[in-house]
Amino acid sequence: MSGVPQKRSLLVADSQLTKRNAAESRFKIYGLAAIGAGLFFLVVLLSQIVMNGAPAFFQTQITVPLTLDPAAVAKAEKSMMKTAGYRGMLEEALWNEVERGGIETQLKSPKELREMISAGAPGNLREFALADEGNQGTEVRYTFAASSRVDGYLKGRVTREGSKDDKGIRPEHFDLIDALVAVGVVETRFNLTFITGSDASDVRPEQSGMGQSMLGSLAMMFVVLGVCLPISVAAAIYLEEFAPKNRFTDFIEINISNLAAVPSIVFGILALAAFIQFGGGKLEIEALRASAPLVGGLALSLMTLPTIIIATRAALKAVPLSIREAALGVGASRMQSVLHHVLPLAMPGILTGTIIGLAAALGETAPLLLIGMVAFVQTDIASIGDFFTAPNVGMPAQIYIWAQRADGAWYERAWGGIILLLVFLVAMNAIAIFLRRRFERRW
Amino acid sequence: MFDAKISETTVTQNDIKIAARKVQVYYGEAHAIKDVSVDILDKTVTAFIGPSGCGKSTFLRCINRMNDTIPICRVEGDILLDGEDIYDKRVDPVNLRARVGMVFQKPNPFPKSIYDNVAYGPRIHGLARTKADLDEIVERALRRGAIWEEVKDRLHQPGTGLSGGQQQRLCIARAVATEPEVLLMDEPCSALDPIATAQVEELIDELRQSYSVVIVTHSMQQAARVSQKTAFFHLGNLVEYGDTEQIFTNPVDPRTESYITGRIG
Numbered sequence: 000m001s002g003v004p005q006k007r008s009l010l011v012a013d014s015q016l017t018k019r020n021a022a023e024s025r026f027k028i029y030g031l032a033a034i035g036a037g038l039f040f041l042v043v044l045l046s047q048i049v050m051n052g053a054p055a056f057f058q059t060q061i062t063v064p065l066t067l068d069p070a071a072v073a074k075a076e077k078s079m080m081k082t083a084g085y086r087g088m089l090e091e092a093l094w095n096e097v098e099r100g101g102i103e104t105q106l107k108s109p110k111e112l113r114e115m116i117s118a119g120a121p122g123n124l125r126e127f128a129l130a131d132e133g134n135q136g137t138e139v140r141y142t143f144a145a146s147s148r149v150d151g152y153l154k155g156r157v158t159r160e161g162s163k164d165d166k167g168i169r170p171e172h173f174d175l176i177d178a179l180v181a182v183g184v185v186e187t188r189f190n191l192t193f194i195t196g197s198d199a200s201d202v203r204p205e206q207s208g209m210g211q212s213m214l215g216s217l218a219m220m221f222v223v224l225g226v227c228l229p230i231s232v233a234a235a236i237y238l239e240e241f242a243p244k245n246r247f248t249d250f251i252e253i254n255i256s257n258l259a260a261v262p263s264i265v266f267g268i269l270a271l272a273a274f275i276q277f278g279g280g281k282l283e284i285e286a287l288r289a290s291a292p293l294v295g296g297l298a299l300s301l302m303t304l305p306t307i308i309i310a311t312r313a314a315l316k317a318v319p320l321s322i323r324e325a326a327l328g329v330g331a332s333r334m335q336s337v338l339h340h341v342l343p344l345a346m347p348g349i350l351t352g353t354i355i356g357l358a359a360a361l362g363e364t365a366p367l368l369l370i371g372m373v374a375f376v377q378t379d380i381a382s383i384g385d386f387f388t389a390p391n392v393g394m395p396a397q398i399y400i401w402a403q404r405a406d407g408a409w410y411e412r413a414w415g416g417i418i419l420l421l422v423f424l425v426a427m428n429a430i431a432i433f434l435r436r437r438f439e440r441r442w
Numbered sequence: 000m001f002d003a004k005i006s007e008t009t010v011t012q013n014d015i016k017i018a019a020r021k022v023q024v025y026y027g028e029a030h031a032i033k034d035v036s037v038d039i040l041d042k043t044v045t046a047f048i049g050p051s052g053c054g055k056s057t058f059l060r061c062i063n064r065m066n067d068t069i070p071i072c073r074v075e076g077d078i079l080l081d082g083e084d085i086y087d088k089r090v091d092p093v094n095l096r097a098r099v100g101m102v103f104q105k106p107n108p109f110p111k112s113i114y115d116n117v118a119y120g121p122r123i124h125g126l127a128r129t130k131a132d133l134d135e136i137v138e139r140a141l142r143r144g145a146i147w148e149e150v151k152d153r154l155h156q157p158g159t160g161l162s163g164g165q166q167q168r169l170c171i172a173r174a175v176a177t178e179p180e181v182l183l184m185d186e187p188c189s190a191l192d193p194i195a196t197a198q199v200e201e202l203i204d205e206l207r208q209s210y211s212v213v214i215v216t217h218s219m220q221q222a223a224r225v226s227q228k229t230a231f232f233h234l235g236n237l238v239e240y241g242d243t244e245q246i247f248t249n250p251v252d253p254r255t256e257s258y259i260t261g262r263i264g
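These protein sequence lines map, in sequence, to chains F and B.
At position 73 of the first sequence the residue is numbered 72 (numbering that gives the first Met the number 0), and the sequence of numbers has no breaks.
At position 141 of the second sequence the residue is numbered 140 (numbering that gives the first Met the number 0), and the sequence of numbers has no breaks.
Be aware that one or more of the hints could be misleading.
Stated by the list, open to error - Computed list of chain B residues with no C-beta within reach of chain F, every gap over 10 Å: (1) Asp14; (2) Lys42; (3) Asp84; (4) Ala145; (5) Gln208; (6) Gln220; (7) Tyr240.
To be verified - Residues on chain F that point at chain B, a partial pick, calculated with CB under 7 Å: (8) Ala317; (9) Ser321; (10) Gly328; (11) Val329; (12) Ala331; (13) Ser332; (14) Gln335.
What the hints assert, rightly or not - Some chain B residues judged to face chain F by a derived CB distance under 10 Å, without partners named: (15) Ala97; (16) Phe109; (17) Gly120.
Simulated from the structure, these hints should not be mistaken for laboratory data.
Since the model is a prediction, treat every value here as computed from it, not as a measurement.
Just so you know, even glycine gets a beta-carbon here, dropped at the ideal spot from N, CA and C.
Modelling step: build the complete structure from the supplied sequences, incorporating the hints.
Here's what the structure looks like:
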C-alpha cells in the first residue's frame with residue numbers, strides 16, 4: 000500500500016477537490032433552475048389569470064336621458080311579458096339619443112337596437128320605475144348595461160371578423176357602438192355587480208356576480224373552522240399527550256394519516272349519505288338539506304379534520320420536552336402542563352395547519368358537486384339562519400358552472416371568479432399571519 | 000490525583016428525609032437501578048456521582064416520580080418521604096412534586112416573564128391569596144435563588160432573555176417558590192461556565208439551611224465542594240454511600256477509589 004502521504008501545497012487544487020467543487024456548483028445550478036422554473040410558471044399563471052380575469056371587473060354601460068311615461072308603464076304592467084314593454088322604452092330612449100346627437104347609422108328602427116341592450120336591463124328598469132312613483136314622468140339620466148356582445152367588442156373579445164355569422168349583431172351595430180363611444184354614451188365602468196351579485200341566466204352574463212357564492216364559501220369556512228378546530232385540537236392533544244401507546248392508538252393514528260389521503264369526492268358522497276339522506280331525510284333535521292352551506296361545510300370538515308390533526312400533532316411534538324418537565328417539576332398536572340405551556344407554544348403551528356386546511360377546503364369543488372352545491376342560485380340572504388341553510392354554491396362551484404357555459408363572457412367571468420377566489424385566499428392567509436404574529440409576540 | 004477542597008462543614012446528625020429501600024427500576028427489559036437502599040438526610044446536600052449511564056439521574060427522577068411520564072419505566076421497592084411511601088396508590092404525583100422540587104440539567108425557564116416563571120408554581124398550588132402575597136413570594140424566591148438583585152428591575156421581561164447562569168438560578172428560584180422540602184438537581188451546572196457554576200454552588204450551600212438537596216453531578220470536584228454526603232453509583236448499583244470526606248479520602252470499595260482517581264468512568 001501507499002507509504003507516507005505526499006505533502007501537497009494548499010494553493011494547488013488537486014483533482015478530487017476540483018471534482019467536488021464542480022459537483023457542488025452543478026447542484027446549485029439544478030436548484031436555481033428548479034426555482035427559476037417554478038417562478039416562471041407562477042408568473043405565467045398569474046399573468047394569465049389577471050389578463051383573462053380583469054375584464055370581468057369592468058362592464059360596458061349605456062347612459063341616456065329617459066322619461067318614463069306613466070301610461071306606458073301602466074300598459075307594460077298589464078301585458079303578459081311585463082319586461083317586454085320596458086325593453087321598448089330602453090330601445091326608444093337610446094334611439095332618441097342617437098337621433099339627437101345626429102349620429103349616422105344604417106340601423107332603421109329602435110327595434111334593431113335590441114342586440115345592444117342587456118337582456119337584464121328591462122327588468123332593472125321595471126324595478127326602477129316601480130320603486131318610486133317620482134321616477135315616472137320626469138327626465139332622468141338612466142344608466143343600463145350593454146349586452147355582452149357590445150361589452151365584448153369594447154374589451155376586444157368580440158371582433159367584427161369573428162361576428163360575421165352572428166345572427167344578432169351586425170357591422171352596422173359595431174359602427175354605431177364606435178360612434179356612441181366617441182360621444183360618451185357608451186362607456187366601460189367598474190363592475191360592482193360582479194363582486195356583489197349572484198348567478199344570472201345564460202343570456203345575461205353582464206348581470207352575474209360572485210357575491211352570492213362568496214357568502215356561500217364564507218359560511219362554509221365558518222362551519223369548517225367551528226367544527227374542525229376544537230375537534231382536531233382535542234384529538235391531537237389527547238393522542239399526543241395523554242393516549243397510551245398501544246395497538247388501538249396506533250390503529251387510530253394510521254387511519255388519520257390515511258384519511259388525509261382520501262380523495263375529496265369520497266367525503267362528498269359520505270356527506271350526501273350521512274348528512275342529507277340520513278340526517279336530513281331519516282332524522283328529518285330541517286337544516287341538513289341539499290345545497291345548504293351547513294352541509295357543505297360539514298363535508299369539507301370531514302376532509303379537513305385529518306389535515307389539522309396532523310399539523311397540530313406536529314406542532315405539539317415540536318414543543319421541547321424540557322418545557323413539559325419544567326411544568327411537571329413545579330407540580331403542574333399533566334393537563335396544566337399542556338394547557339398552560341405546551342399548547343400556547345404550539346399555537347402558531349396549529350394556526351398554520353388550520354389555515355392550510357381551510358385553504359384546501361375553500362378550493363375544493365368535488366364534494367360540493369355531490370351535495371348539490373353546484374346549482375343556479377339567486378337567493379337573497381335575509382338572516383343568519385339563511386346564511387347557513389339557504390341553498391347556495393361555493394366559489395369554486397360557481398366558477399365551474401360558468402366555465403361550462405357557451406358565451407365568451409362567461410369564460411371571462413370564470414377567470415374573474417378565480418381572481419376573487421385567490422383574493423379570498425390571500426385574505427385568509429393574511430389573517431393567519433396576523434394571528435401567528437400576535438401569538439408569537441406574547442413569548 | 001484529586002486535589003479539590005473537601006467540604007469542611009461537619010455533618011450533624013440530621014433526620015432522615017427520604018428513605019429508599021430495595022429500589023429497582025426497569026426500562027422495559029433493561030434493569031437500570033438494582034436494589035438501591037439509601038437514607039437521604041434533611042438539611043444536607045447529598046451528591047450522586049458515578050460514570051455516565053450508571054443510573055444516578057434515573058434514581059434522582061424516582062424521588063419525585065418524574066419517571067412516571069416514561070411509559071416503559073417501572074419502579075419497584077419503597078421510597079419513603081417523611082415515612083410515607085411516595086409510590087402509594089393514593090399519592091398524587093402533583094402533590095409530591097410540589098414538595099420535592101426539581102432543577103434540570105439544561106436551564107428550562109418557561110417562555111414567559113421572569114415574574115410569571117416564579118409565580119407559576121405558587122399560582123397553581125394556590126399559595127397566594129392576593130397580588131401582594133404573590134409579589135412577596137416571588138421576591139423571596141428570587142432572593143433565595145440569588146438572582147433578585149440582577150432582575151428586580153426587569154421582572155416582566157422574558158426569562159429566556161437571561162444568560163445561562165441566570166436562567167439556571169431563575170429555575171432554582173422557580174423550584175423553591177412552591178416551598179418544597181427537598182430539592183433535586185440533575186447536573187445543574189453542566190451547561191454553565193465556571194463563574195456561573197461557582198454562583199450556583201454557593202447558592203446550593205445556602206439552600207442547605209432550608210432544604211434537603213440532592214444533586215447529581217459529573218464533576219467530582221463539585222461533589223466534594225458542595226456536598227456533605229456522597230453516593231457513588233456504578234452500573235445501576237449503589238456502590239458506596241457515606242460522608243463526602245470519607246468517600247473522597249478513604250473510600251472503602253475499590254470501584255469507588257478507581258472512579259475518584261480517574262481509572263474508571
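Structure-based check of all given hints:
1. Asp14: Consistent with the label, Asp14/B stays out of reach of chain F, its closest Cβ about 23 Å off (over 10 Å).
2. Lys42: holds (21 Å)
3. Asp84: Nearest chain F Cβ is 19 Å from Asp84/B, so the label holds.
4. Ala145: Its Cβ never comes within 10 Å of chain F, the nearest being 19 Å, so this holds.
5. Gln208: holds (21 Å)
6. Gln220: holds (26 Å)
7. Tyr240: Given that every Cβ of chain F is farther than 10 Å from that of Tyr240/B, nearest at about 25 Å, it holds.
8. Ala317: violated (13 Å)
9. Ser321: holds (4 Å)
10. Gly328: At about 4 Å, which falls below the 7 Å cut-off, the nearest Cβ of chain B leaves the hint on Gly328/F intact, so it holds.
11. Val329: Status holds, d = 4 Å.
12. Ala331: Hint on Ala331/F: holds, closest Cβ of chain B at ~6 Å, below 7 Å.
13. Ser332: Status holds, d = 5 Å.
14. Gln335: Holds, about 6 Å.
15. Ala97: Holds. Min distance 4 Å.
16. Phe109: Nearest chain F Cβ about 6 Å off; hint holds.
17. Gly120: holds (4 Å)
In terms of the numbered hints stated before, the structure departs from hint 8 and from no other.
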